[in-house]
Amino acid sequence: MDIVSNLMVGFAAAATAQNLFFCLAGCLLGTLIGVLPGIGPVATIAMLLPATYGLAPLTSLIMLAGIYYGAQYGGSTTAILVNMPGETSSVITCLDGYQMARQGRAGAALTIAALGSFFAGCVGTLTLAAFAPILAAFSEKFTSVEYFSLMVLGLLSAVVMAQGSLLKAVAMIFVGLLFGLCGTDVNSGTARYTFGVSELFDGIGFLPLVMGLFGINEVMRNVEKPQQREALTSPIRNLWLTRDDFRAAWPAVLRGTGLGSLLGILPGGGVVLASFASYTFEKKLAREPSRFGRGAIEGVAGPESANNAAAQTSFIPLLTLGLPSNVVMALMMGAMIIQGIAPGAAVMDKRPDLFWGMVASMWIGNLMLVIINLPLIGIWVRLLKVPYRLLFPCIVVFSLIGIYTVNNSTTDVVLTALFALFGFLLVKFGLEPAPLVLGFILGPLMEENLRRSLVLSRGDPMIFVTRPLSLTLLMMAVAVVLLIALPQFRKTRESAFQE
Amino acid sequence: MTLRIKSPQDVGAAIILIAIGLAGLWFGRDYDIGSVSRMGPGYMPALLSIGLLVFGAVIGLRAITVDGPPIATGRWYPSLMILVAVLMFAVLIERAGLAPTTFVVAVICAFATSDAKWKQAVALAVALALFCVVVFVYGLRQPIPVFGSG
Numbered sequence: 001m002d003i004v005s006n007l008m009v010g011f012a013a014a015a016t017a018q019n020l021f022f023c024l025a026g027c028l029l030g031t032l033i034g035v036l037p038g039i040g041p042v043a044t045i046a047m048l049l050p051a052t053y054g055l056a057p058l059t060s061l062i063m064l065a066g067i068y069y070g071a072q073y074g075g076s077t078t079a080i081l082v083n084m085p086g087e088t089s090s091v092i093t094c095l096d097g098y099q100m101a102r103q104g105r106a107g108a109a110l111t112i113a114a115l116g117s118f119f120a121g122c123v124g125t126l127t128l129a130a131f132a133p134i135l136a137a138f139s140e141k142f143t144s145v146e147y148f149s150l151m152v153l154g155l156l157s158a159v160v161m162a163q164g165s166l167l168k169a170v171a172m173i174f175v176g177l178l179f180g181l182c183g184t185d186v187n188s189g190t191a192r193y194t195f196g197v198s199e200l201f202d203g204i205g206f207l208p209l210v211m212g213l214f215g216i217n218e219v220m221r222n223v224e225k226p227q228q229r230e231a232l233t234s235p236i237r238n239l240w241l242t243r244d245d246f247r248a249a250w251p252a253v254l255r256g257t258g259l260g261s262l263l264g265i266l267p268g269g270g271v272v273l274a275s276f277a278s279y280t281f282e283k284k285l286a287r288e289p290s291r292f293g294r295g296a297i298e299g300v301a302g303p304e305s306a307n308n309a310a311a312q313t314s315f316i317p318l319l320t321l322g323l324p325s326n327v328v329m330a331l332m333m334g335a336m337i338i339q340g341i342a343p344g345a346a347v348m349d350k351r352p353d354l355f356w357g358m359v360a361s362m363w364i365g366n367l368m369l370v371i372i373n374l375p376l377i378g379i380w381v382r383l384l385k386v387p388y389r390l391l392f393p394c395i396v397v398f399s400l401i402g403i404y405t406v407n408n409s410t411t412d413v414v415l416t417a418l419f420a421l422f423g424f425l426l427v428k429f430g431l432e433p434a435p436l437v438l439g440f441i442l443g444p445l446m447e448e449n450l451r452r453s454l455v456l457s458r459g460d461p462m463i464f465v466t467r468p469l470s471l472t473l474l475m476m477a478v479a480v481v482l483l484i485a486l487p488q489f490r491k492t493r494e495s496a497f498q499e
Numbered sequence: 001m002t003l004r005i006k007s008p009q010d011v012g013a014a015i016i017l018i019a020i021g022l023a024g025l026w027f028g029r030d031y032d033i034g035s036v037s038r039m040g041p042g043y044m045p046a047l048l049s050i051g052l053l054v055f056g057a058v059i060g061l062r063a064i065t066v067d068g069p070p071i072a073t074g075r076w077y078p079s080l081m082i083l084v085a086v087l088m089f090a091v092l093i094e095r096a097g098l099a100p101t102t103f104v105v106a107v108i109c110a111f112a113t114s115d116a117k118w119k120q121a122v123a124l125a126v127a128l129a130l131f132c133v134v135v136f137v138y139g140l141r142q143p144i145p146v147f148g149s150g
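Line by line, the protein sequences are chains A and B. For the first sequence, our numbering begins at 1 and goes up steadily by one. For the second sequence, our numbering begins at 1 and goes up steadily by one.
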C-alpha cells in the first residue's frame, strides 16, 4: 500500500520532538486567539504568521496548520458558550450550540463538537492522503496555458461561493492582482510601483498586508462597536454525552464528514459552505425539523464535523495544484512562499517528507486539540470573561512586535497601518478584503503564466480555448459564474449568508 | 429626473476602485507595454488598471440606479486610536526601545475602548511592557533594545 508507506514517511517527519512541540504550540495559540469573540481563523492566522517565520519550513507549516485548527476550534467554543461567532463558519454552530448551552447542555455540545471534529479530521486527512497523489499526477499534464485557466477558475469559484456582491468581489481580485505586481518585474528588471522604497523592490510584503487587512483591521472593527456580550449561561459540569445524544449525533457526524470532505476539495469550497450545507441537510432529514434552532444536537454535530473535514480537504487543491481555494489557504500559500516553497505537485515529488509530514501533522494536531481542549475548557471559559479593554492592547502589541521583528523594519509596521486603514475603508464600502488576498498571492503567477502562454501561441489568445484541458477549465469557470444567475442558486446563496 | 445617490456604499466603493485604477495607470505610465506576444512589464498593470476603472464605473452607475445599504456609521475615534497606536510603534521602537514603546502603544489602545479606566490601563501597560521585555528580549533573544536606541 502506497498510502501507508507515504504516511509512515510523514509520521517519521512530523513526530520529532521539535515538530510535536510547535504543533502543540500552534494548537494552543490558535485556540487562545480564536476563542476571543469577534476574532476568526483568518485574523488569528494573520496575527500569528510572524511567529512561524523563523522556523524550518516543515515546522512552520505544521505550526500554522495547528493554529488554523486551533482557531477554528476556539471559534466553535465561543459560538456555543457566548453566541458570538468569530467567523461565518461558526455562525451555524451558534444556532443550536448556544441553545444547548442555555438548556444547561453546554458540556454535551462542546464534547460532540470536539469528537465530531476529531472524527472528521481523521477522515479528512485520509482523504487528503488518498486523493492528493491522483490530482498531482493529473496536474503533470498542465502547461502555463492550463495553469492560467485553472487560476481563473479558482478565483471565480472562490468569489461565487463567498458572500456579497460578485461584481465587487471580482473588482477586489483585480486590486489584489495589481498589488501583487508591485516590485521588480522578473523578466525586464523594471521596478514597478516601488516609489523608490527599497523594501518594496521585492514586492509588497505578505505579512504587513495580511496583518493590516485582517489582524489590525479586525481589532479596529471590534473596538468600534459598543461592547455587549451575552453572559455565560451556567457552569459546565458534565462533559459526557447521554446515550440519546450519542444516538442522535453519530449519523450526523458521518454525514457531515462526508459532505465536508467533498465540498472542501472543490475550488471555492471550504468550511463555510460545508457547515451551512450540512446544517441544511440535517434539517431536511430530521423527523421534526422544528427542533432545529432550539438545541438539536445534530445541528452542532453535523456542521462541526463538516467544517473540520472541509478544513483538511481544502488543502488538496493547494498542495497538488498550487491553487488556494479560499482565503485561509491563500494565507497558507503565502506562508509557504515565504519559506521558499512553491506549492504544487512538485512538493510531493521533491520533498515527500515535507508534504507527508504536513499531512501526518494534521492528524496529530487534531488529536492534540481533543486532548487539550476538553480538559482545558475551564481556562478558555475564564478567558471569555476578560474584558475587551484589557485584551485588545495585548493583541495589538504582540502583533506589532511580531511584524517588526521579522525584518526589524519600521517600514513593515507603517505598511501594516496603511493596509489596516485601507481594509477599514473597504469594509465600510462593502468591499471584502478576502478576494484581494487571493488575487495578491496569485498575481505574479498569473502574469507569468499568461505571458508564457502568449509567447507560446505568438500572441494568439485563442490558445486558451483551443487546448481541450484549458477549454474545459474555462467552461467550468463560465458555468460557475452562470450558476449565480440562476434564481434558485442565488436565493440559497443569500439565505446562506444571512445571520 | 434628478441624480440621486441610492447606494452610498457603492459610491465609496466606486471611488476607491477608480482611484486605484487611475493611480495604477499614472504611476505605471513609463512601464513598457510591449505586445501581446511579448508582454512588457507595463502590460498587466495597464490591463488591470483599466479593468478597475470599468468596475468602478459600473458600480458607480449602480449606485445611482439601484438602492443599496448606507455606510455603517460607527464611531471613528476608537479605530483611529488603534491606527495611531500602530504608527506610534513605528516611530518609537528604534528610538525609545521596547519597554517605553510597548507602554505607550498599550495605553493608546486601552483608550480606544469606551470603558477605559486610567489606573487599569497604566497597570496593564506596565505589566505588558515587562512581559514583552522578558519574553522577546531575554526569552526569544530578539535584537531590540529595552531602552533607548541601543
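Bear in mind the hints are in silico, worked out from the structure with no lab data behind them. Owing to the predicted nature of the structure, the values given are computational and were not obtained by experimental measurement. One or more of the hints may lead you astray.
What the hints assert, rightly or not - Only some residues are given here: those of chain B computed to face chain A with a beta carbon under 8 Å:
{"hint": "1", "residue": "35"}
{"hint": "2", "residue": "38"}
{"hint": "3", "residue": "66"}
{"hint": "4", "residue": "67"}
{"hint": "5", "residue": "79"}
{"hint": "6", "residue": "82"}
{"hint": "7", "residue": "102"}
{"hint": "8", "residue": "110"}
{"hint": "9", "residue": "143"}
{"hint": "10", "residue": "145"}
{"hint": "11", "residue": "147"}
Beta carbons are placed, not taken as given, at the ideal position from N, Cα and C, and that holds for glycine.
These are the hints, each one checked on the structure:
Annotation: interface hint on residue 35/B holds; nearest CB of chain A at approximately 7 Å, less than 8 Å. Because the beta carbon of residue 38/B sits about 7 Å from the nearest beta carbon in chain A, less than 8 Å, this interface hint is met. At its closest, the beta carbon of residue 66/B sits 11 Å from a beta carbon of chain A; the interface hint therefore is violated under the 8 Å criterion. Taking 8 Å as the C-beta cut-off, the interface hint given for residue 67/B is violated, the closest approach to chain A being about 13 Å.
Interface hint status for residue 79/B: upheld, as the beta-carbon distance to the closest one in chain A is roughly 4 Å, under 8 Å. For residue 82/B, the interface hint holds, since its Cβ comes within 8 Å of a Cβ in chain A; the closest pair sits about 5 Å apart. Checking residue 102/B against chain A: minimum C-beta separation of about 5 Å stays under 8 Å; hint holds. At about 5 Å, the closest approach between the beta carbon of residue 110/B and any beta carbon in chain A falls short of 8 Å, and the interface hint on this residue holds.
With a least beta-carbon distance of about 7 Å to chain A, the hint placing residue 143/B at the interface is held under the 8 Å criterion. Hint status for residue 145/B: violated, given a least beta-carbon distance of 11 Å to chain A, over 8 Å. About 16 Å separates the beta-carbon of residue 147/B from the nearest beta-carbon of chain A, more than 8 Å, and the hint is not met.
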